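Number of protein chains: 2
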Amino acid sequence: MKFDPKKITIKEVGPRDGLQNESVFVPTADKIAWINQMSHTGLSYLEVTSFVHPKWIPALADAVEVAAGIERVPGVTYAALVPNAKGLERALSARIDEVSVFLSASETHNVKNINKSREETFPILAETTRDALAAGKSVRGYVSTVFGCPYEGAVAIEDVIRVTDALLEMGVSEVSLGDTIGVAQPRQVQEVLEVLLKRFPADKLAMHFHDTRGMAMANVLVSLEMGMTTFDSSLGGLGGCPYAPGASGNIATDDLLYMLHGLGMETGIDGEKLQTAALFIQEKMGRPLMSHSMQACQA
Amino acid sequence: MKFDPKKITIKEVGPRDGLQNESVFVPTADKIAWINQMSHTGLSYLEVTSFVHPKWIPALADAVEVAAGIERVPGVTYAALVPNAKGLERALSARIDEVSVFLSASETHNVKNINKSREETFPILAETTRDALAAGKSVRGYVSTVFGCPYEGAVAIEDVIRVTDALLEMGVSEVSLGDTIGVAQPRQVQEVLEVLLKRFPADKLAMHFHDTRGMAMANVLVSLEMGMTTFDSSLGGLGGCPYAPGASGNIATDDLLYMLHGLGMETGIDGEKLQTAALFIQEKMGRPLMSHSMQACQA
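Chains U and F are the protein sequences, given in the same order.
Going by full-length UniProt numbering, the residue at position 278 of the first sequence is 278; the numbering climbs one at a time, nothing skipped.
Going by full-length UniProt numbering, the residue at position 175 of the second sequence is 175; the numbering climbs one at a time, nothing skipped.
Chain U with its partners taken away, still in its complex shape:
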């Protein structure tokens, strides 16, 4: 394997994908303080909240207050998940830099998650994307269940291509490929990327691995080898399943950083400052964070 030093972009999704899967409500002021700390670690991208209706994600019911209340550090993009035009209005009122729209590669997961078929979802995302672009914002697209669906099992690569194509045609600047249930292993990641990279340039794609079965780090490694340079992660491994203590959510930013820096990659991120931010949110969560780095630093 060749480990050429490269600039790697880590997109921190802990305040959104992490917190939305936690049963604890972190007070708004603590969320803001935490995001502000992370703004000074060298992270260039923070997904700070979600404008999905609070009925569905009570942990992020304070989306407007958080997004409007955080410090804006030059060079950092502040993004948020936005489901539709109504969510976009709230996101714009809170001065979000980048909007993330989302759907699933598999039909059943899309229906269960969004309550609409994929075909019914496309025009909603197209409208949201168009309006966001018109407001001068960039747009990111998430594709869930790229490597497997909890309801359908295997997901056809044609479905991944179809939704990725659709998102890029709408005008999103990047598509994040999600292993939503953490079933992918390195061979599958390589096979999927071999197909996708014939059709899409690497800089239009990002990898979003969940660590459910402990494969995330190996999946990042093979993705790096395939030329990928953007990875989503969550500080301290926040998230996962609130009903299964210890079950893993997103790959942990701190663990990912350990590997990337060990490989000689440039991230621009200060590991010590990041750890301070992890200790802060750990205290607010009232339980040990599950990342290996956090466990090791307290052992």
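These are computed hints drawn from the structure, not numbers from a lab.
These numbers were taken from a predicted model, which means no experiment stands behind them.
The calculated lysine-lysine pairs, modelled on DSSO-like cross-linking and capped at a C-alpha distance of 30 angstroms, are:
| hint | chain 1 | residue 1 | chain 2 | residue 2 |
| --- | --- | --- | --- | --- |
| 1 | U | K2 | F | K198 |
| 2 | U | K2 | U | K204 |
| 3 | U | K2 | F | K2 |
| 4 | U | K2 | F | K7 |
| 5 | U | K198 | F | K2 |
| 6 | F | K6 | U | K2 |
| 7 | U | K204 | F | K2 |
| 8 | F | K2 | U | K7 |
A few chain F residues that face chain U, going by a derived Cβ cut-off under 8 angstroms, partial list only:
| hint | residue |
| --- | --- |
| 9 | M1 |
| 10 | R187 |
| 11 | Q188 |
| 12 | G264 |
| 13 | Q295 |
Now the in silico label distances, taken between C-beta atoms and shown as ranges:
| hint | chain 1 | residue 1 | chain 2 | residue 2 | range |
| --- | --- | --- | --- | --- | --- |
| 14 | F | V111 | U | E272 | 22 to 32 angstroms |
| 15 | F | K55 | U | N36 | 48 to 58 angstroms |
| 16 | U | K2 | F | E119 | 38 to 48 angstroms |
Positions of the beta carbon are idealized from the N, C-alpha and C atoms, including for glycine.
Keeping the supplied structure of chain U fixed, place chain F upon it in accordance with the hints.
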């Protein structure tokens, strides 16, 4: 990365390296029942206990009873850790098939762990190996702190070569390279193996990764690419640090199996039977096992 299907050997060290790092004493009958279950999973190698003096490892004070009491399934090698000639006597009385001797690549860790310098350790291991071979047993050598020492930091590759050379000259059939404190990342693993594989054939070496910083799976992946085919692991990720709940010990056998089978490798191991054995020992430990597979299966 090329994932050529290969036969991979997993050496299960949970009953020794796992349990010795747990604060709970598992009753002898439960240890025996657990090992017997694992004997029928397709695992071909089980390190069942340690004949280090019980004063140092109270969790394995019943070494003779366990080793003498377990079922012998044809095709399975039953191994145990043996520190010296006195330990060997007990191991032989308990009908162990293979003896594991051990030392550290770094001087300070060896002194702290064995209370002797490396030079003082060599003749003890040579005597143990000679006597074991004379008794018709095979011998395995462990080298600790190959990728880093908790006291000295970086470990010179020359030190790793020197102790590996010494062990092979004594007559051990395989040297297991331990990342004792789990600091290695894939680039380092590749660099170390590039040097070692010029001097030693791959089938004389095994990889023994701890998952302290979440690197173990990625390290296995790069080791596979380098041609390694033998890996030590612990069922359910047993072990780790008893004082840091959640801190990781050996790479988990069940997680490792998920990746290996996903890569198309042959292990001969039945994942479902293995999970049954994991659930059994989890109940005896009285706490959730920390492997990702075990967390996912209960989520």
